[in-house]
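Student: Let the sequences and hints guide you as you build the complete structure.
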Amino acid sequence: SSETDLPDDSDSSSGSEPSSNSNISGGSSSNSGSSPVGGSVSQRNALDRAKSYLSSSSFSRQGLIEQLEFEGFSTSDATYAVDHVGVDEQAVSKAKSYLRSSHFSYSGLVDQLEFEGFTFSQATYGVDRCGADWNEQAALKAADYLKFSSFSRQGLIDQLVFEGFTAAQVEYGVNAVGL
Numbered sequence: 050s051s052e053t054d055l056p057d058d059s060d061s062s063s064g065s066e067p068s069s070n071s072n073i074s075g076g077s078s079s080n081s082g083s084s085p086v087g088g089s090v091s092q093r094n095a096l097d098r099a100k101s102y103l104s105s106s107s108f109s110r111q112g113l114i115e116q117l118e119f120e121g122f123s124t125s126d127a128t129y130a131v132d133h134v135g136v137d138e139q140a141v142s143k144a145k146s147y148l149r150s151s152h153f154s155y156s157g158l159v160d161q162l163e164f165e166g167f168t169f170s171q172a173t174y175g176v177d178r179c180g181a182d183w184n185e186q187a188a189l190k191a192a193d194y195l196k197f198s199s200f201s202r203q204g205l206i207d208q209l210v211f212e213g214f215t216a217a218q219v220e221y222g223v224n225a226v227g228l
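In terms of our numbering, the numbers along the sequence shown are unbroken and rise by one, the last being 228.
Mixed in with the good hints, there may be bad ones.
Simulated DEER-style distance windows between Cβ atoms [unchecked claim]: (1) E120 to N224: 43 to 53 Å; (2) V90 to A217: 51 to 61 Å; (3) E220 to R149: 22 to 32 Å; (4) S199 to S123: 50 to 60 Å.
The hints are simulated quantities; they were obtained by calculation from the structure and are not laboratory data.
Remember, predicted model here, so these are calculated numbers, not experimental data.
Here a beta-carbon is modelled for each residue, glycine too, at the ideal position from N, C-alpha and C.
Tutor: Below you can see the structure in the form of structure tokens.
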């Protein structure tokens, strides 16, 4: 993914009030989950819409900007909104969501979040805080592979290494499935 961060508009407001989202920060620590009191009407409307989206779904920074643009907000207003709600915690939520439906190595999950439009920094933030047991993920991934295909011990080791698991995680996973 080749996402480019847009400039932070945090200097457009002199005050702040708590956001309805839980301590979300997005790339700029000066915003740390606060909503600006100021901003134009269209910026505040974009911010309200962004909060509404984030209350029910996870978005990357770029994905949320694009969604707001799709809704008719200008790029400037969409960027303002996203810069004032942030997306780091969305990366945590998205990582947890992926782990509920599939099994990943640490690096594989970072790559998946980057593919979804999160920056590398946001992706690692999310994966670091998702609570995954990477040994268990390796064991579950190994079991997934064995459901669909036959593997020798070495073949399964090679596949788990390819997926990004560490040597210790691979060993745990292969032993957990009895190979």
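Student: With respect to the beta-carbon atoms only, verify the hint that E120 and N224 lie 43 to 53 Å apart.
Tutor: Taking Cβ atoms as reference, E120 and N224 lie about 50 Å apart, which means the hint holds.
Student: Determine whether the Cβ-Cβ distance between E220 and R149 falls within the hinted range of 22 to 32 Å.
Tutor: Taking Cβ atoms as reference, E220 and R149 lie about 25 Å apart, which means the hint holds.
Student: Given the hint of 51 to 61 Å, is the C-beta distance from V90 to A217 inside that range or not?
Tutor: holds, 55 Å
Student: Tell me if the beta carbons of S199 and S123 are separated by a distance inside 50 to 60 Å.
Tutor: holds, 55 Å
Violated hints for the displayed structure: none, as all numbered hints are satisfied.
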